[in-house]
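Engineer: These are the residues of each chain, in order.
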Amino acid sequence: MAGELSTAELENIANKLRLHVVEMTYEAGSGHPGGSLSAADLMAALYFRVMRHDPSNPQWEDRDRFVLSKGHVAPVLYAALAEAGYFPVEDLVSLRKMGSPLQGHPVRGKVPGVEMSTGSLGQGLSMACGIALAGKMDGKDYMTYCLLGDGELQSGQNWEAAMFARQAGLSRLVAIVDRNHLQISGNTESVVGLEPLPEKWKSFGWNVIIIKGHSMRQILEALDRAQGSSRPTAIIMDTVKGKGVSFMENNAGFHGKAPNADEYAKAVSELKEVIQ
Amino acid sequence: MTGQKLAQRNYYGKALADLAAERPDVVVLDADLAGSTKTGDFQKVCPERFVEIGIAEQNMIGVASGLAASGKTVFASTFGVFASGRCWEQIRLAVAYPKMNVKIVATHCGISVGEDGASHQALEDMAIMRVLPNMTVISPADAYEAYAATKAIADYKGPVYMRMGRSEFPTITEEGEEFVIGKAKVLREGSDVTLCGCGQMVCYCLDAAEELAAEGISAEVINVSTIKPLDADAIIASVSKTGCCVSAEEHSIIGGLGSAIAEALCSGPCAPLERVGTRDTFGESGKPADLMAKYGLTAADIVAAAKKSISRKG
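Taken in order, these protein sequences are the chains called A and B.
Numbering follows the working numbering, in which position 81 of the first sequence is assigned residue number 81; successive positions increment by one, without gaps.
Just remember that the working numbering sits 1000 ahead of the position in the second sequence, which is counted from 1.
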């Protein structure tokens, strides 16, 4: 989708995705709103401006690929795919319900636009390496994007993949870290610390870009710079877990908990206020 | 009856090298053991489609999954303990669940790995692979069958786990013989007991049948090289005739071929089954032949099991 949407329009789409996330998790009575909300701006930028893709042809072989390593934020991926036209927006409320293709964590083959099955943390970057490597072998110029949670970087497999990506010269691979600082048990630095995180990626030979993850301008600039890199790129985006819903912001409690009726009403009214 | 001694992994390497020319979609991955698993034979003729992953089996499975998602037929090899165990949950999520076209081919399985000891002797791999939905599990009987099975799994679209041994052992199939996934083969007909083997134990089943024949006992021998999907029809047909069964595998009696046959028999004819395999134990260092004897994996052990199975017939 060679979109020409403005920064303001993309920000508006991000908030629409947030509204979907709140509605979907409320309807499901479970799910992961916090990390979905922190990633909404990035998802809007990818699916509505940056990625080369065609919702009417999900298997297009030259499409850019997106792998959701932090599979628990499936709601924001499904919302982006539906808004982009992969399937009807009305289907979103079937999230997590029996018989729905919108499983609690993404499943390849069930939902158009979902590239890989994820949900067990720490595996997506390896899969993205494989996709990027296939592109390199076949002389394709598609980009492979992988969204990672910060907490999941505690898993060693990510660093196996990071080492491999550099060795294999996967310059068209972009890892985006949603650095919202919170995991189930609290702040990442009090669980098992990740800092200095940029230095870790740099020492693995990656091109590292640090941005504010709710600045659409910075997201777009970073994704643009990543495309010209001769090395794999890690974009570490500083974000707020629960961004856009006041009482969910910086609240680890909403990592994996749906809003109740009162919270839902409050969240919807907050988001509707900012959506054009 | 049996042919020359050959190592399965050499024929795996040979098959991969042949596939390099025949199949431009084949990509081979290894975790720093290409010289031992013989994927190095593919690397020699097709370096551009060989990927050295390093000692990182979990990443290997993820990379394999991503390559398969992009249309490649992927072979990923290392030793059996690591190929099945180190990355079991990665195989579950990234290969088995989405039915990826990934062939995990393990060498150095079983106690005949020998001197390296228990850390390197895969005796549980078939159990933990067989339990995964969508997974096909194969243990070829000899080097020729390893070659044919490699070709067959390259043609099959979906996840496969194939195990092979380290050492040389006698061939019992013909070079060029057809291999069909999921099809067991009766190698010797008999009427008193059915001997079902996989891997090198098929050869010892044939030896056991000879010894039994000398004592007037007629044993039917079946090569069950596909453990999943099990050719239950062939096994049940045989056991319906003989009235009892023995399974023989270079693997724990828990979860592998013996368990698969027990599952088939419990919903078919209720016949005695004796399982030859390691008995809920780890291995140890030693010479392969000494270990096979110590852990009850010889033709004599199969003979004893056959007699016991026959004695239990109602």
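The hints are simulated quantities; they were obtained by calculation from the structure and are not laboratory data.
Given the structure is predicted, the values throughout are model-derived calculations rather than measurements.
Watch out, some of these pointers could steer you wrong.
Stated by the list, open to error - Think about it this way: if two alpha-carbon atoms lie no more than 30 Å apart in a straight line, the pair counts; the simulated DSS-like pairs of lysine-lysine are:
{"no.": "1", "chain 1": "B", "residue 1": "K1005", "chain 2": "B", "residue 2": "K1099"}
{"no.": "2", "chain 1": "A", "residue 1": "K97", "chain 2": "B", "residue 2": "K1099"}
{"no.": "3", "chain 1": "B", "residue 1": "K1099", "chain 2": "A", "residue 2": "K140"}
{"no.": "4", "chain 1": "A", "residue 1": "K140", "chain 2": "B", "residue 2": "K1151"}
{"no.": "5", "chain 1": "A", "residue 1": "K136", "chain 2": "B", "residue 2": "K1099"}
{"no.": "6", "chain 1": "A", "residue 1": "K110", "chain 2": "B", "residue 2": "K1099"}
{"no.": "7", "chain 1": "A", "residue 1": "K136", "chain 2": "B", "residue 2": "K1183"}
Engineer: Please go over all the hints and tell whether each is borne out by the structure.
Structural biologist: Here is how each hint holds up against the structure:
no., hint, in the structure
1, B/K1005 with B/K1099, "violated, 36 Å"
2, A/K97 with B/K1099, "holds, 23 Å"
3, B/K1099 with A/K140, "holds, 24 Å"
4, A/K140 with B/K1151, "holds, 28 Å"
5, A/K136 with B/K1099, "holds, 23 Å"
6, A/K110 with B/K1099, "holds, 12 Å"
7, A/K136 with B/K1183, "violated, 38 Å"
In summary, the structure is inconsistent with hints 1 and 7 from the numbered list given earlier, while agreeing with the others.
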